[in-house]
Amino acid sequence: MQLAGAFPILQGKYGDWFLSGFIESLQLLGWALLLALPLGLLLAVGRSATSRLARAPATAYVQFLRNIPVMVQLLFWYFAAPQLLPAFVRAALYRHGAEFPCAVLALGLYAAAFVSEDLLSGLRAIPRAQYEAASALGMGRWQSLRRVILPQALRNSLPALASQALTLWKNTSLATVIGASELMYQTQKVETESFRGAEAFAVATVLYLAVSTLITGLGVVAERWRPVHAR
Amino acid sequence: MSSVLHDYWAYFLVGQYPNGPLGGLALTLLLGVSAVTLALPFGVLLGLARLSPWRALRWPVMALVYVVRGSPLLMVVFWAYFFMPGSSGRGNSQFATMLAALVVFNGAYLAEIVRSGLEALPRGQLEAARSLGLGYLQAMRHVVLPQALRNVLPSLVSQLVVTIKETSLGYIIGLTEFTFIATQVDSQLITHSTAVYTLVALTYFALCGGLSLLARRLDARSGPQAGPRPGGWAQARRAVPA
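Top to bottom, those sequences are chains C and G. For any residue, its number in the numbering used here is found by taking its place in the first sequence, counting from 1, and adding 1023. For any residue, its number in the numbering used here is found by taking its place in the second sequence, counting from 1, and adding 28.
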């Protein structure tokens, strides 16, 4: 690599470590989003339901998870939750590397609480007339939700969701505490081995900033794509 | 869980204090409150600098805010750890490191909120103040800032919630705050992880949930006068793209 020649910290195994950490961080982001978005949607629909039976658990979930540091949740899912499993399952889990799945679980479940907040305000921004119009066209509750309300609510929430994705991207760095070999973990590894702390941190900062900038850019695009009445 | 609580409650609350440095929940609270208290003036300064007429001031601050907002807090903590003098020593230097990181991180977020508050204010306000004979700084202090900050100040409590959650990162640099104590207790007991971490999660929930509730009460009380500002900084942080 041309670039690596100019920066010794990017050469040889250090470069490989950074690259593998960066890829794992992106994978964490992707999988956690894949968990957080549908769950957040489910929670938002639950919280906007008229039935208390649907509302109470969804509200409890959101209030509970958003008031506990994501760091503690990571520690919980990695160290505490597996203790509830039978010993042989736990052993198999740790043998196959529980770090990555536990990190995805913790980050995704945490993000879902915030995603549901954003989707809920997106839902609430839909004018009442939209519901009435949908039912006037003969659509049932589910049908109007799926075909009329949700598509608009999702578009409403896109900028806020981009912001959540950004937060999630930054939170992936915390997975280092349970030993997931993401970017921050690899950076610490490079630092300990090369004694070039500033350079290692600089590389990591640039990589984090690059993805953050990309996500922020997507948020700006999403802002333009919102339905007219919400702007 | 009750046996863990029975044996370790003092350790959870104050760490080794009075026989050692203060730690535990008390340190978490102290760090959270100090960070919020210092981040506010720092954020206001950064926000003002972002809109300063001098390019030499505006651009570096703009770069700082951009970098900090795009980086994970942990990155900022590591940078602070790297730059803080004597941070490899013992004692409370981890506290200073964590405090510096939290102030810079939250200050950068706050700077954007202060900036948007300032930009939302009609230019006429500054011009009117200047035409009354006030200097630039005087006009800022007496006329512009009070109006721009009105929406920021009441949300200090919800900012405290966010910051308390962030103090848990102190664990990574060995600051003996609540989460650190929990990991210590966990490694001493070995087989009680579920009880320890459930206890810790519930404590954070009670603390942050209670404060969130208080924030909502205060928000409701401040009424329509304060304008639309549902979640305070925490909300604004999510609403304003970095």
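One thing to keep in mind: the hints can contain errors.
Unchecked claim - Partial chain G-side listing against chain C, Cβ under 8 angstroms, derived:
1) Phe70
2) Trp87
3) Ala91
4) Val95
5) Phe106
6) Tyr164
7) Thr211
8) Gln212
9) Ser221
10) Thr226
11) Tyr232
Just so you know, the hints here were simulated from the structure itself, not pulled from any lab data. We put the CB at the ideal spot given by N, CA and C, even for glycine.
### Task
Have a go at the Val95 (chain G) hint: is there a Cβ in chain C nearer than 8 angstroms to its own Cβ?
holds (6 angstroms)
### Task
Let me know if the C-beta of Trp87 (chain G) comes in closer than 8 angstroms to any C-beta of chain C, holds or violated.
violated (17 angstroms)
### Message
Can you verify the interface hint for Thr211 (chain G): is its Cβ closer than 8 angstroms to any Cβ in chain C?
### Response
holds (7 angstroms)
### Task
With a cut-off of 8 angstroms on the beta carbons, see whether Tyr232 (chain G) makes it to chain C.
At 5 angstroms from the nearest chain C Cβ, Tyr232 (chain G) passes the 8 angstroms test, so the hint holds.
### Message
Using the nearest Cβ pair, does Ala91 (chain G) come within less than 8 angstroms of chain C?
### Response
Violated, because the Cβ-Cβ distance from Ala91 (chain G) to chain C comes to roughly 11 angstroms (cut-off 8 angstroms).
### Task
Mind checking the CB of Phe106 (chain G) against every CB in chain C and telling me if the closest is under 8 angstroms?
holds (6 angstroms)
### Query
Per the CB criterion, is Ser221 (chain G) less than 8 angstroms away from chain C?
Status holds, d = 4 angstroms.
### Query
Given Gln212 (chain G) as an interface hint, is the shortest Cβ-Cβ distance to chain C below 8 angstroms?
Violated, about 12 angstroms.
### Query
With 8 angstroms as the cut and Cβ atoms as the points, is Tyr164 (chain G) at the interface with chain C?
violated (32 angstroms)
### Message
Is the interface hint satisfied for Thr226 (chain G)? The criterion is a beta-carbon contact with chain C at less than 8 angstroms.
### Response
holds (7 angstroms)
### Query
Going by Cβ atoms only, is Phe70 (chain G) closer than 8 angstroms to chain C?
Where the cut-off is 8 angstroms and the nearest Cβ of chain C is about 20 angstroms from Phe70 (chain G), the hint is violated.
Checked against the numbered hints above, the structure violates hints 1, 2, 3, 6, 8; every other hint is satisfied.
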